[in-house]
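Colleague: Here's the letter readout for the chains.
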Amino acid sequence: MSNILSVRNLVKTYPNGTQALKGVSFDVKRGEFLVVIGLSGSGKSTMLRCLNRLHHPTSGEILYTDKAGVEHDIAQAEGNEILKIRRTMGMIFQHFNLIPRHSVLNNVLYGSLGSTGSLRSMLGLYAKEDEKRAMEYLRLVGIQDKAHFRAAQLSGGQQQRVAIARALTQSPDLLLADEPVASLDPATCHIVMDYLRRVNQELGLTIICNLHFLSLVRQYATRVIALKGGKLVYEGSPSDIDDKWFAQIYGEGAKEVHIN
Amino acid sequence: MAQSTTMETAETGAAVRRTILDAFVGAYLIFAGLVFTGWGEADIVPRVPTLATAFFGVAVLMAIVSVVVNKTGIKTLGWQIYAPAHLRMKSTEELATPIYRTFWGMQMILTVVVTTLVGIKMTEIDVLKLLEADRFYHAMRLFGELFSPDWSILPKAIVKVVETIYIAFIATVIAVPVAFVLSFLMARNIMGGSKLGFTVYAVLRTVFNVSRSIEPILWAIIFSIWASFGPFAGMLALMVHSIASLAKQYSEIVEGIEDGPIEGIESTGASRLQVIWFAVVPQVVLPYISYTVYRWDTNVRMATILGFVGGGGIGVMLAEYNGQAMWPQVGCIIFVIAAVVWIMDAFSSHVRAAIK
Chain H
37 MSNILSVRNL
47 VKTYPNGTQA
57 LKGVSFDVKR
67 GEFLVVIGLS
77 GSGKSTMLRC
87 LNRLHHPTSG
97 EILYTDKAGV
107 EHDIAQAEGN
117 EILKIRRTMG
127 MIFQHFNLIP
137 RHSVLNNVLY
147 GSLGSTGSLR
157 SMLGLYAKED
167 EKRAMEYLRL
177 VGIQDKAHFR
187 AAQLSGGQQQ
197 RVAIARALTQ
207 SPDLLLADEP
217 VASLDPATCH
227 IVMDYLRRVN
237 QELGLTIICN
247 LHFLSLVRQY
257 ATRVIALKGG
267 KLVYEGSPSD
277 IDDKWFAQIY
287 GEGAKEVHIN
Chain C
520 MAQSTTMETA
530 ETGAAVRRTI
540 LDAFVGAYLI
550 FAGLVFTGWG
560 EADIVPRVPT
570 LATAFFGVAV
580 LMAIVSVVVN
590 KTGIKTLGWQ
600 IYAPAHLRMK
610 STEELATPIY
620 RTFWGMQMIL
630 TVVVTTLVGI
640 KMTEIDVLKL
650 LEADRFYHAM
660 RLFGELFSPD
670 WSILPKAIVK
680 VVETIYIAFI
690 ATVIAVPVAF
700 VLSFLMARNI
710 MGGSKLGFTV
720 YAVLRTVFNV
730 SRSIEPILWA
740 IIFSIWASFG
750 PFAGMLALMV
760 HSIASLAKQY
770 SEIVEGIEDG
780 PIEGIESTGA
790 SRLQVIWFAV
800 VPQVVLPYIS
810 YTVYRWDTNV
820 RMATILGFVG
830 GGGIGVMLAE
840 YNGQAMWPQV
850 GCIIFVIAAV
860 VWIMDAFSSH
870 VRAAIK
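Chains H and C, in that order, are what the protein sequence lines are.
Be aware that the first sequence starts at 37, since it is given in the numbering used here, and climbs by one per residue.
Be aware that the second sequence starts at 520, since it is given in the numbering used here, and climbs by one per residue.
In isolation and in its complexed conformation, chain C is listed as follows (with noise of 0.2 Å):
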């Protein structure tokens, strides 16, 4: 009985999902296609609220549309996303046909090649600009000051450079502490077991999603503003997203790990505390520490664009000379910061070696 009903649920849960999915894939492919055939090639901003409206409608159309289909027995791309495991045994006949010739593989196909097929028509690609003898020629002047750095301004680069490694590596340690103890609050096998740790799990789960899809060049732009331009509004930049990084890639280690030790350790009647620092934290150290060393990595990379936006070292540097177009001096940066990125890279790949 309770079994039947679970089913009924999911398989319920199962069918919305697959019509929503179905009608805006449907929906999407008429409206793409009408924008590659140059429909709408005209300003298409003030027709944008009819056009939302006229999209709605036409996914209605393609919500019943699904249901019929799948109701024909045809299976279309979101059963095959969305169904539950028991309803996904297959005939020797379907195993047989090869995908592109089921349904959901067409719909699959035709969505790829739609999309690239506008995606050309909106990025403007034009191969010929490139070779345009005007263009060609100051791209290869350019190319020739860069491969000439001027070697002067070597040591002052040097300074700045060791300025964005110090950000970095702060920003990385303070975000530590708090990713590590946040990672067992946003783990789903450590809070999942009452309504209120369910709860914090979730509420910390959405904070962290949106503050680490802010990328690091605009929590710059905030923190220059609020604590004035320099390293230390680099540093926070950083340090926010990586706390928000750390803490999400900290809890996918803390869920992926084995059970028998947490069992273990609970058999002994030790608290929820001492099960986390005695089974759980022993499987999640090591990955923990090479994740951190190659968040540092990242950091470095992020903190030499930070400069471009007030955020300190080498990077205000880059943007100086960019700025006034002096590219002997840019090519001196950029081979300071590849040197730099470089090592950086070597080094943590090789404690993370060393860790597994």
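For reference, chain H alone in the conformation it holds in the complex (with noise of 0.2 Å):
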């Protein structure tokens, strides 16, 4: 399969002087689960951020081959470039990220946000076909009944499906996906995971992961990369990371923890 990224040396330094990658290097095959994980604090989130310029990487390279089978380096790109990446690129946060006293619809709709002209947007005139798709992956993700909700009123794991309909509504190439069930409940959690992987799996789309435990990742991930410190320290499968990995990656003395 070829490489929908390829990350080469990617640095990061924050203002303060804090360095939050350290030269990074990885690449990521199309249609996989890809989950990068390390302990807070290891440049997972800068990371998955520098690679649709929320945040702006330092140096290094992103080479992102897009659908169309055109390439481009992520890192060099500039102003409008910048938009037009994000638009391939959809992504989910910890905290859902949502306009809470919005609607469910609106907010699913706000991932064609990229293809509607500003003022159009502004005014509520989305494309008759745009709302048709919101309400498609709305159906997908199982809250079709709550499109009239406002967002605030759903509960953590439903507030996540509505964020992960907004990222389809885009039809991304890529799904990032930032600690998406760290403030869910382990219930709620493999909900969530369930339809990142049907996603993955029915939609073919490549997903780019940051979780927390290891026993998520040995569900959910075809691949595996881990960040300590702003470096690379582990790349590889899923089950082949042991005790020695782990305690390698998240420090002697760490427990695994299970949750089921």
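Hints in this document: simulated from the structure, not taken from any laboratory.
Among these hints, one or two may not hold up.
As the list claims (entries may be wrong) - Among chain H residues calculated to face chain C with C-beta under 7 Å, some are:
1) Leu90
2) Met127
3) Asn133
4) Tyr146
5) Leu149
6) Met158
These numbers come from a predicted model, not from an experiment.
All C-beta atoms, glycine included, are put in the ideal place defined by N, C-alpha and C.
Can you join these two chains into the complex? Each is in its own frame, and there are hints to help.
Modeller: In structure tokens:
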């Protein structure tokens, strides 16, 4: 399978001097469910945000092959090019990042902001097709009956599903997920992860997902990379992470917690 | 490397600020002390240039003292205020020392005490004056007349107070859209991204901080000449002040919003305008309404005073009767103003409570 992303020597230093990423390189294959693990502060979130330029990398390359087969260096993109790249990548977040006072349907429609003109979107004039697609994806994540509720009225797990539907409405090439289940209870957490797997398998969407729990990683990932102190320390299959690797990634004395 | 340099810059900056603050506090204490002990009792005005030079001289001396004191490890008030976070680690001994026994604590307490003493002297506080039989009798008569209002002017007062409410309302209504647009241009988190953005932010902040520090009554004086006496001048004065105040308050709301929704909308590839409209505006709209209602309420109160300088409304009436010492009529007007302010206040607090 071809690479959708090829990250080379990615470095990110924040203005206050913190070095979040110290030269990270890895490839992402089209259609895989890649999970990134590591402690809080290991650079996972920064790495993911560099991929869609919510954060701007200090140096390095992010080579990205879009649907048409054209290669871009995301790290070098500027202005409107960044917006165009973002449109091809959906993203979901630990705290869902919906607009709480707006309706579920509107939140999903915001996935098509990129393809709708500023003025049209501000007047709420979305294309009929976008509206149809938004409802379709709400159905896919099983909350079509909540379409006209305010997002804030939904439970955490439901809000994350709205966020997935929003990302899907972008018709993305790639889905970035930053700790998508870290603020959910264990039962809900599997529901959300199952939807992500469905999206990955049925829609063939490539997923890059940051996770805390190793048990989830073994269950859902097709491949794993691990970050520690801003460096890549592991790359391989989820089943190969044994106690030795676990101690290396999470530090001696860490104990694995299972979530079933 | 990069990290240590930024830390060093922060330390140097903090040291400079610390020294300046200590220098001025020290010089102030010495001069205030001199004033209190009666020095300069004679006409002080012609000696201002000499005194100013002396003041800066003493400040330089105090700056040296501050540097020396800090060198010995004793922390001054300037250090306490400006020290960067990474130097603020306190030893258990320091934590156990009560504030009034630390050097900076004593510096602070001394400053407050000296300022209070000088203040009492300057305001010429004289309680006995209030109790002199003659003055007391006059005051009581005035109160008596105020409390027996002349209700015959009530209809006119009501007409005029309604005018005042509308002046305040129009000033607020015109100010809102202007302040709305300005609030985003004056918010650091929106404008801080680029050099151009930051320049716009800094210029607007400065301009509006200055115009906000000019009280509406001064604007009313200017506009009553420019636009001649009347409600229009009063409205313009309130409008200018409202724009500056609302833009400041609104922009602070924008600066306090959550990043999550912004990231959420940004990640879809939305334009800058769309991000503001869909992620920022929904977060600020209710606090904006709340501040706006409060502004209207404040404007009604201010508008009652603006009449004194020709701003129209009930203030003009108040100024007329006040000038002729017609206390029963003034009493009636005060009653009307108090009633309206009370109603507006109740109304605005109800609206704000409902929005929360």
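Colleague: Decide, hint by hint, whether the structure agrees.
Modeller: Hints, one by one, checked against the model:
Satisfaction of the interface hint for H:Leu90 is found here, the shortest Cβ-Cβ separation to chain C being roughly 6 Å, below the 7 Å cut-off. For H:Met127, the interface hint holds, since its Cβ comes within 7 Å of a Cβ in chain C; the closest pair sits about 4 Å apart. This hint holds: H:Asn133 has a C-beta 3 Å from the nearest C-beta of chain C, less than the 7 Å allowed. A distance limit of 7 Å between C-beta atoms decides the matter here; for H:Tyr146 the minimum to chain C is near 6 Å, and the interface restraint holds.
Against a cut-off of 7 Å between C-beta atoms, the interface hint on H:Leu149 holds, since the closest Cβ of chain C lies about 4 Å away. The interface hint given for H:Met158 is met, as the beta carbon of that residue sits about 5 Å from the closest beta carbon of chain C, less than 7 Å.
The earlier numbered hints are all upheld by this structure, with none contradicted.
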